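A.B. asks: Here's the letter readout for the chains.
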Amino acid sequence: MHDLAQQIVSGLATGSIFASMALALVLIYRSMGVINFAQGELAMFSTYVAWQLVQMGVPMWGAFFITIVVAFAGGVLLERVVIRPVERAPQLTLVIVTLGLFTAINGLAGWFWGYIVKPFPTPFPTTPLQIGGVAFSAQDVGVIVVSLITLGLISLFFQKTKLGLAMRAAALYPDQSRVLGIRVGWMLALGWGLASVVGAISGIMIAPVVFLDPNMMQSVIVYAFAAAVLGGIESPIGAVVGGLILGVVLNLLGTYVEAIGNELRLAAALAIIVAVLVIKPSGLFGRATVQRV
Amino acid sequence: MTLVSPSSARAIRVGIAIVVIAILPAIVPTFVVFDFIYVAAYAIAILGLIILTGMNGQISLGHGAFMALGGYVAAVLAHNFGWPYWIGVPLAAVASGAFGLVIGAIALRLAGVYLALATFSLAVATPSFLKHYKSITGGFGGLSLDAVKAPAGVPLDGQQWLYYVTWAIAGAAFLASALLVRGKFGRALRALRDNPIAAISFGVNPYYYKTLAFGWSAVLAGIAGAFLAMTTAYVSPDTFTFALSITLLIGAVLGGMLTFWGALVGAIVIEFLPLVAQQVNAGAPSVVYGVTLILMMLFVPDGIVGGVQRLTRRLVRRAPSTPEFEPPVPTAASMAVDHSTRE
Numbered sequence: 001m002h003d004l005a006q007q008i009v010s011g012l013a014t015g016s017i018f019a020s021m022a023l024a025l026v027l028i029y030r031s032m033g034v035i036n037f038a039q040g041e042l043a044m045f046s047t048y049v050a051w052q053l054v055q056m057g058v059p060m061w062g063a064f065f066i067t068i069v070v071a072f073a074g075g076v077l078l079e080r081v082v083i084r085p086v087e088r089a090p091q092l093t094l095v096i097v098t099l100g101l102f103t104a105i106n107g108l109a110g111w112f113w114g115y116i117v118k119p120f121p122t123p124f125p126t127t128p129l130q131i132g133g134v135a136f137s138a139q140d141v142g143v144i145v146v147s148l149i150t151l152g153l154i155s156l157f158f159q160k161t162k163l164g165l166a167m168r169a170a171a172l173y174p175d176q177s178r179v180l181g182i183r184v185g186w187m188l189a190l191g192w193g194l195a196s197v198v199g200a201i202s203g204i205m206i207a208p209v210v211f212l213d214p215n216m217m218q219s220v221i222v223y224a225f226a227a228a229v230l231g232g233i234e235s236p237i238g239a240v241v242g243g244l245i246l247g248v249v250l251n252l253l254g255t256y257v258e259a260i261g262n263e264l265r266l267a268a269a270l271a272i273i274v275a276v277l278v279i280k281p282s283g284l285f286g287r288a289t290v291q292r293v
Numbered sequence: 294m295t296l297v298s299p300s301s302a303r304a305i306r307v308g309i310a311i312v313v314i315a316i317l318p319a320i321v322p323t324f325v326v327f328d329f330i331y332v333a334a335y336a337i338a339i340l341g342l343i344i345l346t347g348m349n350g351q352i353s354l355g356h357g358a359f360m361a362l363g364g365y366v367a368a369v370l371a372h373n374f375g376w377p378y379w380i381g382v383p384l385a386a387v388a389s390g391a392f393g394l395v396i397g398a399i400a401l402r403l404a405g406v407y408l409a410l411a412t413f414s415l416a417v418a419t420p421s422f423l424k425h426y427k428s429i430t431g432g433f434g435g436l437s438l439d440a441v442k443a444p445a446g447v448p449l450d451g452q453q454w455l456y457y458v459t460w461a462i463a464g465a466a467f468l469a470s471a472l473l474v475r476g477k478f479g480r481a482l483r484a485l486r487d488n489p490i491a492a493i494s495f496g497v498n499p500y501y502y503k504t505l506a507f508g509w510s511a512v513l514a515g516i517a518g519a520f521l522a523m524t525t526a527y528v529s530p531d532t533f534t535f536a537l538s539i540t541l542l543i544g545a546v547l548g549g550m551l552t553f554w555g556a557l558v559g560a561i562v563i564e565f566l567p568l569v570a571q572q573v574n575a576g577a578p579s580v581v582y583g584v585t586l587i588l589m590m591l592f593v594p595d596g597i598v599g600g601v602q603r604l605t606r607r608l609v610r611r612a613p614s615t616p617e618f619e620p621p622v623p624t625a626a627s628m629a630v631d632h633s634t635r636e
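In order, the protein sequences belong to chains A and B.
Our numbering numbers the first residue of the first sequence as 1 and each following residue consecutively.
Our numbering numbers the first residue of the second sequence as 294 and each following residue consecutively.
Take the hints with a grain of salt, since some may be wrong.
On the chain B side, residues computed to face chain A include the following (Cβ under 8 Å) [claimed, not checked]: (1) I352; (2) R402; (3) L403; (4) A409; (5) L410; (6) F413; (7) L415; (8) F495; (9) A575; (10) S579; (11) V584; (12) L591.
Which chain B residues stay away from chain A? Per the calculated CB distances, all over 12 Å, these [unchecked claim]: (13) L317; (14) A440; (15) I597.
Hints in this document: simulated from the structure, not taken from any laboratory.
All of these numbers come straight from a predicted model, not from anything done at the bench.
Backbone N, C-alpha and C fix where the C-beta goes; we use that ideal spot for every residue, glycine too.
Please build the complete structure, drawing on both the sequences and the hints.
C.D. replies: What follows is the structure, given as structure tokens:
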């Protein structure tokens, strides 16, 4: 029983990281209708920035907040320089451009920091937390708390601030928003910045577990795809719920079902993606879309 | 002011390509011959991608998975059962093609970006499948194969033999594909890419053609994977990572997705560019690939071959000439339909 509780909490911890990455994908999908395949690589690069800061003697949480600022600036800059020229291009073009970003960022990280796997310091205490007689890893609990705070702040931002409202308007009705004086282009850039921040936080949260290397986010991004698709790719709530469900289910499957184990978790995520897309492409929370002919 | 008719110009280009390929082993060092076997294998795989993505508008980020299947079928048959490659390669093509038909049938349900997402995930998950089924695939360590030897009586060493066989198969793949897409099939693929609704209204069966395009593309990738395995004489999960899938797409985009020549040019680029860039830094090939990919999409969406064609046409037009039919300049928009489901 204790074991099960531990596994569920640990599943929620990875799940909240999937949820954050999925939310980052959804933020961009909602505003421009494209999957940012480079989202995971952006997060990986930000995590390296945090690592570099820690190496230079900056305290862990200081590095965390500096990295957030860097990630935001990086996201905005990429949107302005790389994405803007192809904003209205067909989807295939956008997909290939984000794959170009994926490849270039991956290579840059390898160039700067090499391909050798590095340990990453955990920002949380290493002693387990005793809750109701069960020992939980402080890393797991910390990840859940940080992710929930992040998701809460993002949600508050979109629901309660004028800027958040403007961003939602720009995403849903770009032409009308322009008429109302909203600078739609900058709203998109802001969306990229926010998505990049959420990704950076996920990267720093998961790095102590998966360690630091240029390919660290490749499987995480597939789980995030699965979470986003499961929740409905246009739904931020869906992304979060999808991520948490996926984290717990995969963790329990990996632990208790011998045939799946650790290696086939990725295959299970793939199966979920395909099954949801074939059976109910709008996911749990999305609305079915109708295409005008 | 054309000096030769388009069809004889093409015959001349094909002839030159065949002659160059035939005499290459006699004039370049052995290790370059080795590189050119890989070029042939990549060209076969990229050809499949050009038919699927360039001609039919279905994006696959997971062609490395089909290469993995083909490579492992040939390798497992050779390593575990001692079957010769002349049985192994066709079976690799059949297995990969069958898998391609399955994925193609699923792809019918996935519009645009969803297909990219699913095939991306397939490519990332492929190595974990290979690692999991250890008893067949050899797990992490992979499978070592005997080096290919020339049959008795052929005055070539093993490598030269493999070179000619691979290029002969590549030639056959190009010829078969050209014949396949020349008529009704090719028109149906392009029509479904450019205007699916109109195509369907005219009686083009989207299920049949799109699934078949996926199947044929997978056949080609499977063959390419088998030759990759034979050339390296080794397969492992690390041979068929996501990086391979994305490299193939890069080859197709850089070479150009509007003609089959793009496959040849793209294959040469992805074989030799990393060899050069690696000397700067291990990360450099990816940086160069990524930056070039973005710049190509922004400025030359029809790839090196398309860009050169436009350039030569412009030069020819400068000279006084009788007006002739001018093909429209291809743009990124004409290469892909927006399958967006957003209203």
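A.B. asks: Indicate, hint by hint, whether the structure satisfies it.
C.D. replies: The hints, checked one at a time:
1. I352: holds (6 Å)
2. R402: holds (5 Å)
3. L403: It holds, given that the least Cβ distance between L403 of chain B and chain A is near 5 Å, below 8 Å.
4. A409: Interface hint status for A409 of chain B: holds (5 Å vs cutoff 8 Å).
5. L410: Since the shortest Cβ distance to chain A is 5 Å, the answer is holds.
6. F413: holds (7 Å)
7. L415: holds (6 Å)
8. F495: violated (15 Å)
9. A575: Since the shortest Cβ distance to chain A is 6 Å, the answer is holds.
10. S579: holds (3 Å)
11. V584: holds (5 Å)
12. L591: holds (6 Å)
13. L317: At roughly 30 Å from the nearest Cβ of chain A, L317 of chain B sits farther out than 12 Å, so the non-interface label holds.
14. A440: Given that every Cβ of chain A is farther than 12 Å from that of A440 of chain B, nearest at about 29 Å, it holds.
15. I597: holds (15 Å)
Hint 8 from the earlier list is the only one contradicted by this structure; the remaining hints agree with it.
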